[in-house]
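J.: Residue-level listing of the chains:
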Amino acid sequence: MKPVDGEAKIANSKKGSYKVSHKPIIWSLFAAGGTLTALLMPVLVVLVALAVPVGYLPAELFSYARIHELLASPIVKLIVFAVVFLSLWHSAHRMRITVHDFGLRADSFAVFVFYGIAAVASIFLVLAII
Amino acid sequence: MKLDNGHYIRPLARYTWWTQQSSYIRYILREVSSLFIGFFSIVLVCGLYRLSQGEAEFNSWREALWSNGFALSIIVLFFAGYHSVSWFSVTPKAMPLTFSGKRVAPEIIIGAHWLLWLLSSAFVWLLFIYGGDL
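Protein chains in written order, with this note's numbering: chain P, 1 to 130; chain C, 1 to 134.
Hints are computed from structural coordinates only; laboratory data are not their basis. Each hint should be verified, as a subset may be incorrect.
[Said to hold, decoys possible] A few chain C positions that, by computed beta-carbon distances, are all more than 12 Å from chain P:
(1) Tyr8
(2) Ile9
(3) Ser22
(4) Arg30
(5) Ile37
(6) Gly47
(7) Arg50
(8) Gly54
(9) Ser100
(10) Ala122
(11) Phe128
(12) Gly131
[Stated by the list, open to error] The calculated lysine-lysine pairs, modelled on DSBU-like cross-linking and capped at a C-alpha distance of 35 Å, are:
(13) Lys2(C) <-> Lys93(C)
(14) Lys2(C) <-> Lys77(P)
(15) Lys19(P) <-> Lys93(C)
(16) Lys77(P) <-> Lys102(C)
(17) Lys93(C) <-> Lys77(P)
(18) Lys23(P) <-> Lys77(P)
(19) Lys23(P) <-> Lys2(C)
This structure is a prediction, so every number in the text was calculated from the model and none was measured. Note that the Cβ used here is the ideal one computed from N, Cα and C, for glycine as well.
This is chain C alone, in the form it adopts within the complex (with noise of 0.2 Å):
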């Protein structure tokens, strides 16, 4: 298609452009990993919230998450954690590093992520699981 200004530009389908090629489909997915994240985070919202308005009514949604929620849970984990792999993907892009001049390998940098990840979460787990003699 050419432009006013002389330059050309290939048409995309305004709603349908992302289903033509699969590193559209994987920027896609990556955005829509943004509904489900913040979908629970409105969901833990709720249960603080539930929290701070006494026992009977923390229990209960305690009991709808564990119970109707737990498919939506799947499909939750399975967004977070692509965003995850994602977001540590892009990170040498987003923030290129050097050392002494020289410039950091990508790899180094999303190993360094990942690395970081296993231990966050392996201390987030034991803070919550041994909490209370810690």
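Just chain P, with the same shape it has in the complex (with noise of 0.2 Å):
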């Protein structure tokens, strides 16, 4: 069988100067993030933000007892945890790609600043669910 293109290039290179690339598993995430944004964020910002002040559901639902008793539940935290980590790494590299489109050459800059505000914001969100 003929080799195909990608097979000859590791068949041709020199042992151990093939790097494994990073990127699959970072898209994958971004991916991931992506997907699971467009699926439950405009119910979360609906849900959360907005029904209470137009007046669609009662303030009650919101209670302290009653959200803290929700969140106890493992599948709720597991659920809430994924959402909530996959938003904040998708926007992140996201926005790193929206600076440079918007003319900023900064990229270690950017790397810095999205990725640093998404790794605070993990921690906190380990922090409050753990």
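Mind docking these for me? Both chains are given alone in their own frames, and the hints should help you get the complex.
T.: And the structure:
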């Protein structure tokens, strides 16, 4: 069988000179974040931020005792953690690209700022949820 | 504009290129949606953190979100919806599926995502409202 391009490249490359890319992992997290955000963010915004002020839901549904009890459930915890964590990193990565699109040519600064914000927020998320 | 290697490119304004075409504006709106989604994720982290601190702290976060944050939340909702619709629309290109050797029509992949969007939203809504009784 004739090797395809990629295989030929690997065969020809010197032993040990072939680096494994981290891109698939970063990309799958980015895609998971984008999909989860797309599926759940609109309903979360309506539920958490808008339903009570427009008078559609009673404020008692959002009482401290009730939310505390809901988040005591490990499944709810896991869902909330996954959605918020992936959304944070998805947005941070996208903002890095966006400032480049707006003409800011300072990628390492953008990495520092946006991934830094996502990292700090992730720490607070873990502290809050455990 | 002619490059050193003999190729021609159309020069674009570094800061204002995205105002030149409606497809560029749609692209940049899609990218900017991440600012509002990221912002709201941080708002949620704040809420969870305030919840872990105690009742008074949680209630002050809640009041701030519902009164001062109302207008901003409407904008966040617009961009969150914009992200959903545009994300589902590019899914067939990012993740082309084949079924018994044939390419699945993009409309089917997009439609499946819209259905999943509806179901997952309804699930979250009902889980929240009837959560105590489920």
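J.: Against this structure, judge whether each hint is valid.
T.: Each hint tested on the structure:
no., hint, verdict
1, Tyr8, "holds (22 Å)"
2, Ile9, "holds (17 Å)"
3, Ser22, "holds (16 Å)"
4, Arg30, "violated (9 Å)"
5, Ile37, "violated (5 Å)"
6, Gly47, "violated (7 Å)"
7, Arg50, "violated (8 Å)"
8, Gly54, "violated (8 Å)"
9, Ser100, "holds (23 Å)"
10, Ala122, "violated (8 Å)"
11, Phe128, "violated (6 Å)"
12, Gly131, "violated (5 Å)"
13, Lys2(C) <-> Lys93(C), "holds (32 Å)"
14, Lys2(C) <-> Lys77(P), "violated (57 Å)"
15, Lys19(P) <-> Lys93(C), "holds (28 Å)"
16, Lys77(P) <-> Lys102(C), "violated (40 Å)"
17, Lys93(C) <-> Lys77(P), "holds (33 Å)"
18, Lys23(P) <-> Lys77(P), "holds (29 Å)"
19, Lys23(P) <-> Lys2(C), "holds (33 Å)"
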